[in-house]
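If you read the sequences in order, they're chains Z and H. So the first sequence is residues 207 to 595, counted in this note's numbering. So the second sequence is residues 207 to 595, counted in this note's numbering.
Some clues are possibly wrong.
The list makes no distinction among identical chains, and a pair is therefore deemed to hold if it is satisfied within one copy or across any two copies.
[What the hints assert, rightly or not] Derived DSS-like pairs: lysine-lysine, alpha-carbon spacing no greater than 30 Å straight-line:
#1 Lys-590 <-> Lys-555
#2 Lys-327 <-> Lys-292
#3 Lys-338 <-> Lys-230
#4 Lys-530 <-> Lys-442
#5 Lys-223 <-> Lys-578
#6 Lys-333 <-> Lys-223
#7 Lys-289 <-> Lys-555
#8 Lys-230 <-> Lys-333
Everything labelled a hint here was simulated from the structure, so no lab data went into it. Note that this is a predicted model, so its numbers are computed, not measured.
Here is how the chains run, residue by residue.
There are 2 protein chains.
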Amino acid sequence: MNLDFTYHNPTIIHFGKEALSNLKAELANYGDTVMLAYGKGSIKKIGLYEQVVSILKECGKNIVEVTGIMANPTWEKVKEGAKIVKDNNVDLILAVGGGSVIDCAKAISVSAYSEEDAWTKYWLQFKPVDNKIVPVASILTLAGTGSEMNGGSVITNDDMKLKMGRVFPPNVYPKFSILNPEYTFSLPKYQMVSGIFDMMSHLMEAYFSGEDDTTSDYIVEGVLRSIIHSAKIAIKNPEDYESRSNLMWSATLAMNPLMGLSKPQDWQVHMIEHQIGAYTDCAHGMGLAAVSLPYYRFIYKNGLDKFVRFATQVWGIEEEGKTKEEIALAGIDALETFVKECGIVINLKELGATEEMLPAIAESTVILGAYKKLTSDDILEILKVAYTA
Amino acid sequence: MNLDFTYHNPTIIHFGKEALSNLKAELANYGDTVMLAYGKGSIKKIGLYEQVVSILKECGKNIVEVTGIMANPTWEKVKEGAKIVKDNNVDLILAVGGGSVIDCAKAISVSAYSEEDAWTKYWLQFKPVDNKIVPVASILTLAGTGSEMNGGSVITNDDMKLKMGRVFPPNVYPKFSILNPEYTFSLPKYQMVSGIFDMMSHLMEAYFSGEDDTTSDYIVEGVLRSIIHSAKIAIKNPEDYESRSNLMWSATLAMNPLMGLSKPQDWQVHMIEHQIGAYTDCAHGMGLAAVSLPYYRFIYKNGLDKFVRFATQVWGIEEEGKTKEEIALAGIDALETFVKECGIVINLKELGATEEMLPAIAESTVILGAYKKLTSDDILEILKVAYTA
Numbered sequence: 207m208n209l210d211f212t213y214h215n216p217t218i219i220h221f222g223k224e225a226l227s228n229l230k231a232e233l234a235n236y237g238d239t240v241m242l243a244y245g246k247g248s249i250k251k252i253g254l255y256e257q258v259v260s261i262l263k264e265c266g267k268n269i270v271e272v273t274g275i276m277a278n279p280t281w282e283k284v285k286e287g288a289k290i291v292k293d294n295n296v297d298l299i300l301a302v303g304g305g306s307v308i309d310c311a312k313a314i315s316v317s318a319y320s321e322e323d324a325w326t327k328y329w330l331q332f333k334p335v336d337n338k339i340v341p342v343a344s345i346l347t348l349a350g351t352g353s354e355m356n357g358g359s360v361i362t363n364d365d366m367k368l369k370m371g372r373v374f375p376p377n378v379y380p381k382f383s384i385l386n387p388e389y390t391f392s393l394p395k396y397q398m399v400s401g402i403f404d405m406m407s408h409l410m411e412a413y414f415s416g417e418d419d420t421t422s423d424y425i426v427e428g429v430l431r432s433i434i435h436s437a438k439i440a441i442k443n444p445e446d447y448e449s450r451s452n453l454m455w456s457a458t459l460a461m462n463p464l465m466g467l468s469k470p471q472d473w474q475v476h477m478i479e480h481q482i483g484a485y486t487d488c489a490h491g492m493g494l495a496a497v498s499l500p501y502y503r504f505i506y507k508n509g510l511d512k513f514v515r516f517a518t519q520v521w522g523i524e525e526e527g528k529t530k531e532e533i534a535l536a537g538i539d540a541l542e543t544f545v546k547e548c549g550i551v552i553n554l555k556e557l558g559a560t561e562e563m564l565p566a567i568a569e570s571t572v573i574l575g576a577y578k579k580l581t582s583d584d585i586l587e588i589l590k591v592a593y594t595a
Numbered sequence: 207m208n209l210d211f212t213y214h215n216p217t218i219i220h221f222g223k224e225a226l227s228n229l230k231a232e233l234a235n236y237g238d239t240v241m242l243a244y245g246k247g248s249i250k251k252i253g254l255y256e257q258v259v260s261i262l263k264e265c266g267k268n269i270v271e272v273t274g275i276m277a278n279p280t281w282e283k284v285k286e287g288a289k290i291v292k293d294n295n296v297d298l299i300l301a302v303g304g305g306s307v308i309d310c311a312k313a314i315s316v317s318a319y320s321e322e323d324a325w326t327k328y329w330l331q332f333k334p335v336d337n338k339i340v341p342v343a344s345i346l347t348l349a350g351t352g353s354e355m356n357g358g359s360v361i362t363n364d365d366m367k368l369k370m371g372r373v374f375p376p377n378v379y380p381k382f383s384i385l386n387p388e389y390t391f392s393l394p395k396y397q398m399v400s401g402i403f404d405m406m407s408h409l410m411e412a413y414f415s416g417e418d419d420t421t422s423d424y425i426v427e428g429v430l431r432s433i434i435h436s437a438k439i440a441i442k443n444p445e446d447y448e449s450r451s452n453l454m455w456s457a458t459l460a461m462n463p464l465m466g467l468s469k470p471q472d473w474q475v476h477m478i479e480h481q482i483g484a485y486t487d488c489a490h491g492m493g494l495a496a497v498s499l500p501y502y503r504f505i506y507k508n509g510l511d512k513f514v515r516f517a518t519q520v521w522g523i524e525e526e527g528k529t530k531e532e533i534a535l536a537g538i539d540a541l542e543t544f545v546k547e548c549g550i551v552i553n554l555k556e557l558g559a560t561e562e563m564l565p566a567i568a569e570s571t572v573i574l575g576a577y578k579k580l581t582s583d584d585i586l587e588i589l590k591v592a593y594t595a
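The following block holds chain Z by itself, in its conformation from the complex (with noise of 0.2 Å):
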């Protein structure tokens, strides 16, 4: 079943080693007070954050900052980052660093002027955007969830342990991104290959649902050939500039609508790694990697035809003398040894979870799913799989 749908994507992107000499140039379409967003300081030592202020300075703009955006960004930070937006009339924000400041700077967009709770009625209410927004654009250093070119923005409250993502419309996708796959060579390799699953994990989510045979589909098995191509490069020699480019491009691809068009989705292994990130801070991408490979042990007999092609056609399983069952196994056995030799973790102890947080995880993870919708119980049993592997 092809289904319906209506497909805007607005951002421009400069992509390159060059991508930053577009930035005066788009600057001059926003009004003169830019609020940098970053966090803890990386784009500090890479020498990123002086020559973006050099061209801030250089087209007159005003500087204001919201910093120290962590990797899972708190309600706190966006209101702390709202009040700025206000009490400064800030025309753009410009978010420098990975996808949880863009995330973080989305949801300062539409936080600062809304007249109700933003988090209620945002995260927990999904209303439409209705209030005035703050142009967003960026500059990426990471490369992993998207967030240059969508309208997600996944903010966790601390005092409801909740981490919620909300999809906004395109007026709220960053206007512009600027991507130089250079400046992810600096990246420790623990968060570069948490990236890479994450990215991996954004197209399996599309993949994995109906029995449909989508132009996405293909697309999907291309992209992910690639992540993992270029990923076995890139772990090896982080500044091989080629492997950095595809798979910063491959990310950016990964997290857009594009993959998904025409597709009902699957979405539970993100639902349940919100929730184990909301109770331990785990790198994202670790945690989904966690998830995957017991939730799709769990699931493959009710989507078996597409876990077949996944393993012949994303991982060259071969078919003959196997049972279609021994085909399927093989290719998620295949998508494992490849997370092992990159060093993703996948074991939820040595991610920060305890035995008696995981009833809690399950308790309060959302339902979604496409082959098989899971009880509670479900996935206690898939996390207590994750915790000992």
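Given chain Z's structure and the hints, the job is docking chain H onto it.
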């Protein structure tokens, strides 16, 4: 070598069985006078004309028309449309038809308010668009050119015997495009299979270049495989919604800049076909197929590894026991077999060429090309093979 790029794809796509239901809301964003642009009446046969006019009237629009737009839209037709736009102060050009109608609508858009001769300015001198343009939107009835989500506009100047393509920037892209696969059901098989090769050719023009291994190469392989799979189903059963849907969306993607990002590209096949089209008025996709087969056999040794990859990844050719040359040629043979099974005409004589035309076509072809730069003599040799195919 991964090249730097800027990517911006602002067109809003409404896709599916109910896509037309979005027209009313979209029209609210534009002024009162709408120019309908269409071809020779096939939109009346399928009842689409009546539906669209009824929605336009419901929205209180004044309707003017430019009709009779032909398969290779002429500069004369563009001038006719431009005059209507200027005389009526048109606010939106709504193209209803295939790629030719949309190409013509974009040409009218940029030409109406040009003070210089627009043919010379835009199609011969490739100058930037600096005059007022009129927004274009489209309702697509034929899958093939991708004009519904790009800036392409191919126009034929009959006096000069020149068919020239221009890729306009994102502000000339259709603002919105409505794609309902059901509109393609009644298309004659000849045009349908011509469109199928057209979309494949767009992908191959992006693919056969560089010794690269970019994410775009993997995506192209995926879309090609999707097209091959769906074409076989759709040719047998033209009213199979899933396959017509996949073909329609594949066509839109195939001619979008997305498919070639980070890559050098070829486009020599299109350059040769444009001149065949200028002399014979043949169906574009047929002309492309006629040229592609001898062209790829002429150049494959210069891009051997990529042709090997094409054979194995797109056509599933087994490598065992074969030389690289044999694998590469088997891939091109598989393409030829597919083309013939589809009923695509690859004989230039049958497409309306005469032996006398061939030298003139060869002489007037623009030289592009990636793996090998052709001479006019090379092109003549290729044309002679196609003439007796």
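Evaluation of the provided hints:
1. Lys-590 <-> Lys-555: within (10 Å within a copy, 70 Å between copies)
2. Lys-327 <-> Lys-292: For Lys-327 and Lys-292, only the intra-copy Cα distance (19 Å) is at most 30 Å; the inter-copy one is 47 Å.
3. Lys-338 <-> Lys-230: both (25 Å within a copy, 25 Å between copies)
4. Lys-530 <-> Lys-442: Between copies, since 29 Å is at most 30 Å while 34 Å is not.
5. Lys-223 <-> Lys-578: between (44 Å within a copy, 28 Å between copies)
6. Lys-333 <-> Lys-223: Intra 39 Å, inter 27 Å, cutoff 30 Å: inter-copy only.
7. Lys-289 <-> Lys-555: This pair counts as neither: shortest intra-copy Cα distance 38 Å, inter-copy 72 Å.
8. Lys-230 <-> Lys-333: Between copies only: 24 Å across, 35 Å inside.
Figure legend: structure checked against the earlier numbered hints; the only hint not met is number 7.
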